[in-house]
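Engineer: Chain by chain, the residues run as shown.
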Amino acid sequence: MPAVGFIHAEDLIKLLDEELKELRQAGEDEGIALKKLPIIARTFSSDECVSKLLPYVKELAESLEDEPQLHLAEAIEGMAPVFGAANCSQLMTPLKTVCENAETVVRSQAVKSCEAIAKLLVSSDSPEFLGIFNELRAKEASQFSKMSACGMLPSAYIVASTSGKAEIKAALGELSSDEAPMVRAAALAAVGDLAAVVDKSLVGTDLLPVFSTLAAEAQEAVLENAIPAAVKLATALEFSDACKDFMKALAKPPADRSVKIRVDKAKHIVAMSKALGRETADLVIPDIVTQLISDFDWEVRLQISQNLANLVPHLSPNIATETFIPSIQANFDDSQVKVREALTEAVVKLVPQNLPGNANNLLCQLIDKALEDESQLVRGAAISGLGPAIDALGPDMVSSRFFPVILALFRNKGSQWRVRQALVEILPNLASSMGRDVFEKQLNTVVTDSLTDPVFSVRQASWAAASNLCSALGDEWAGSIVLPEMNAILAKETQYLYRISVICACQAIAKSRTGMRDTVIPIIAKLLSEDAISNVKLAAARALYELKQDGITHQEGQSALSSNATSKDTDVAYYCSLATTA
Amino acid sequence: MSIAYNSTMQLPPEFVSNLPMFSDVPVSEKPQLFLKKLKLCSVRFDFSPTSGFDQQKEVKRQTLLDLVEYVNAAKGPFSETVIAEFTKMIAANIFRPLPTRSRDQPFDPEEDEPILESAWTHLHIVYEFFLRFMVSTCTDAKVAKKFINTEFITKFLELFDSEDPRERDYLKTILHRIYGKLMVHRSFVRKSIANVFYRFIYETERHNGVAELLEILGSIINGFALPLKDEHKQFLKRALVPLHKPGCIGQYHQQLSYCISQYMEKDPTLADIIIKGILKFWPVTNSQKEILFLSELEELLELTQPQQFEVVAVPLFQVVARCIRSPHFQVAERALFLWNNEYIVQQMSKSLSDIIPLVYGPLHQNTVGHWNPTVLSLSQNVQKMFREIDSVAWDTYSSEYQALVDKSAAAKAKRDQVWARLQSAA
Chain A
9 MPAVGFIHAE DLIKLLDEEL KELRQAGEDE GIALKKLPII ARTFSSDECV SKLLPYVKEL
69 AESLEDEPQL HLAEAIEGMA PVFGAANCSQ LMTPLKTVCE NAETVVRSQA VKSCEAIAKL
129 LVSSDSPEFL GIFNELRAKE ASQFSKMSAC GMLPSAYIVA STSGKAEIKA ALGELSSDEA
189 PMVRAAALAA VGDLAAVVDK SLVGTDLLPV FSTLAAEAQE AVLENAIPAA VKLATALEFS
249 DACKDFMKAL AKPPADRSVK IRVDKAKHIV AMSKALGRET ADLVIPDIVT QLISDFDWEV
309 RLQISQNLAN LVPHLSPNIA TETFIPSIQA NFDDSQVKVR EALTEAVVKL VPQNLPGNAN
369 NLLCQLIDKA LEDESQLVRG AAISGLGPAI DALGPDMVSS RFFPVILALF RNKGSQWRVR
429 QALVEILPNL ASSMGRDVFE KQLNTVVTDS LTDPVFSVRQ ASWAAASNLC SALGDEWAGS
489 IVLPEMNAIL AKETQYLYRI SVICACQAIA KSRTGMRDTV IPIIAKLLSE DAISNVKLAA
549 ARALYELKQD GITHQEGQSA LSSNATSKDT DVAYYCSLAT TA
Chain B
8 MSIAYNSTMQ LPPEFVSNLP MFSDVPVSEK PQLFLKKLKL CSVRFDFSPT SGFDQQKEVK
68 RQTLLDLVEY VNAAKGPFSE TVIAEFTKMI AANIFRPLPT RSRDQPFDPE EDEPILESAW
128 THLHIVYEFF LRFMVSTCTD AKVAKKFINT EFITKFLELF DSEDPRERDY LKTILHRIYG
188 KLMVHRSFVR KSIANVFYRF IYETERHNGV AELLEILGSI INGFALPLKD EHKQFLKRAL
248 VPLHKPGCIG QYHQQLSYCI SQYMEKDPTL ADIIIKGILK FWPVTNSQKE ILFLSELEEL
308 LELTQPQQFE VVAVPLFQVV ARCIRSPHFQ VAERALFLWN NEYIVQQMSK SLSDIIPLVY
368 GPLHQNTVGH WNPTVLSLSQ NVQKMFREID SVAWDTYSSE YQALVDKSAA AKAKRDQVWA
428 RLQSAA
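Here the protein sequences line up with chains A and B, keeping their order. Residue numbers for the first sequence follow the working numbering, so the first one is 9 and each next one is one higher. Residue numbers for the second sequence follow the working numbering, so the first one is 8 and each next one is one higher.
Worth flagging that the hints you see were computed from the coordinates, not collected in a lab. Note that this is a predicted model, so its numbers are computed, not measured. Any given hint could be a false lead.
[Unchecked claim] Subject to a maximum C-alpha distance of 20 angstroms in a straight line, what follows is the list of computed SDA-like cross-link-like pairs (lysine to any residue): (1) B/K240 with A/E148; (2) B/K421 with A/L23; (3) A/K268 with B/H214; (4) A/K44 with B/Q424; (5) A/K29 with B/Q424; (6) A/K43 with B/V425.
[As the list claims (entries may be wrong)] Covered stretches of chain B, as calculated for chain A (at least 3 residues, CB under 8 angstroms): (7) 159-166; (8) 198-206; (9) 416-424.
Just so you know, even glycine gets a beta-carbon here, dropped at the ideal spot from N, CA and C.
Use the sequences and the hints to build the structure in full.
Structural biologist: As structure tokens, this is what we get:
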């Protein structure tokens, strides 16, 4: 009886094989065919998968080249649930061949597929799984096999029963003293991964000694995995005192040749500070930050800049004022835009932290500088961060010092759209902090002008801002400021995109403000019924449909939807009839 | 790692500025003076623009030159203390962080200027000193091997990633001397070079010193005794052949080809491993690399014995067939030029039944419609050549060809139908 109604499952294998041969001969990607393996597997029962499909998969694993082996490993990951917990360990045999591949990306996928299989075999002590693991890590195995074995350590630990776990830990010890540096590097990475699966009480006794030995190596290729592994160990140890010693050894001033080590140090500096504890971090971290922030690799500078603000709570308050701010000042003219943007974000995030001494004054000078930067990313970052800074600086200071510059940037419609977008996004924060009077004096027109901004992203930001401002400043404000402006746009603007912008703003307001629905929904309904442009009608129909999905209906909206359900425009008719029948 | 001193720092006590010249002291005091000068030269200076210490830098430079002269003129063996201090001085000077450029724009030696070492005024004398010390007959290998140990060699090899070609040149020469003199470390040097290659091939694909390392290996391989040890064959298979994988192969291809052809000459049975290995790394989208590979293949085929040629014929001509059909005219031309090589044509004639089915289709498609007239005419010439070698085999396949093409198209259409039905049933 054909398994799928029109073809026998075994014939599917033959078909796949033919297709693979053709693709191979033509030099094309065999992955297209290999992706069909899980589909074929689903036509078999779990036992038939082992008897009929598995021999073919084993044959494939031996014959395929590197890239097809990668696709095979992906297919095996997809087939594991179909084989089921009883039979999935059989897939380890073809996976072993893939684990021996020299290509890193192929082996990584093979290890990932082993993880998927391991999840089905928890604590089963599966001899097939553990047997393959032991073959891969055998002394005579190639370094690539051993690297795969290192990647499999957490999975093997999960599969092993309580009595078998000691053997897995012993395997870690052997792999960590292998003569090949790449195997030792993989073992060091595995220490970090194992920390997440072993019992917490064993992290300090079993994993830490292995880590300390590997982290003391002179070879850069091994050391490059030290910091990520250390952070994982510290997380497993809950940043207790046990972390101090090994973190201090790693955190010494960065004269490292390897860029990757310096990038990792910058990326994980917050976790490292946490693990060191405040006292030690105060002594060690400032020098590291000073060196990394002026590193000659831009990615190092970027990573440390992104982490500066988060570092402050883990150090004594004076450190930021005495060390970080002078370092930021010295490097604020970085040649890389992304670094300047990150430094600007750090500066605005430092303001609300109320640092001692003259800190806020110095930070404001840096914000002034950022607002004059040639890059709109930097200017946008300065504006976006001002919201939380207002409470620390006071609304008067913000409005007198920064607003003239920001408003001038906003008015310059020739460029700087990200700046306008950033300003529109922080309007609700400004409104909440500054109060209605100050807001109305300076920023009312920003709301209304942004609805008709030539750039879509700015208009889009204005819809959410209009809705949030209504919440912050009240329906009366919306009724007296926003609604007249929206009506004026509809009356005079010939640009249909701006009418769509009004529809979206009305939708956002209707969603959040019950009291405004009777005012804004009729605007949408009118546009649906009377606008000459199909795009506007479609936007109106969709807005009313989405409001109905949210349980918001209005009589005028409903009648507009009903009368347009048979519109000549198919898309308009579609949304209208969906909304009326829902 | 040693600190680089600038004018904001205080110099260590071993930097004594007023040491006499060797010619000004009696013979009995020279060894002691030598040690003091070594300690002085262990102080490394910062050469960035405002680092200062100009006078002290000049003192060190003169002292280094003194040391070089002393070693050149030395007669008796160097003591263990001297060799220990010498190694410390060398390590203090050369083991330092190499300048890195932004990884957004990796270094292209054909386009970019390399970052030259700012401390070269000192460094080149240090390297010269190291070299003279290694070649000197006064340096006892049994003593030196204790200090120029595996840790030293590991750090030394990491310096090959320097962008400064002058530095790499010195490193190459010195490593070659270390290999020659310290026989106990030879195996470690070979393994460490292999590890550098593995990291380069499979992890970083960036290294400035691969060509220099291959140059050293070329002369090492040249000296291998026959029969080749299994270790050397594994090195070929796992480290050398995979060097064909990275895209920047153009930077070291000449040196790599030399190493590979040395292996072929020493052991022709390795042709199978070498040629199949190159075919495995055949480029898919990099046409310049494809042309490089075709040239290398031709050179290797000239060294291949007939029995080995038969073994590799099928996979080889599967790839050659794809190159013949390449829309890149230079690739197609280069592949078709293989038929200008008499030796290769002669070898081909022994495996015609395997080769004709592989190349017939691409040649036919070229003659019917390749956009480049040269490729078109070369394809016609190759067809003519096949007819001259064996017209019966050629004509037989010719009559079967169209039927095979039609059959393959029909099978594909049927398969696509089945998958579509399966997908909708799923």
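Engineer: All hints, please: hold or fail.
Structural biologist: Outcome of the hint check:
no.: 1; hint: B/K240 with A/E148; verdict: holds, 16 angstroms
no.: 2; hint: B/K421 with A/L23; verdict: holds, 10 angstroms
no.: 3; hint: A/K268 with B/H214; verdict: holds, 15 angstroms
no.: 4; hint: A/K44 with B/Q424; verdict: holds, 14 angstroms
no.: 5; hint: A/K29 with B/Q424; verdict: holds, 18 angstroms
no.: 6; hint: A/K43 with B/V425; verdict: holds, 15 angstroms
no.: 7; hint: 159-166; verdict: holds (count 3)
no.: 8; hint: 198-206; verdict: holds (count 4)
no.: 9; hint: 416-424; verdict: holds (count 3)
When each numbered hint is compared with the structure, no violation occurs for any of them.
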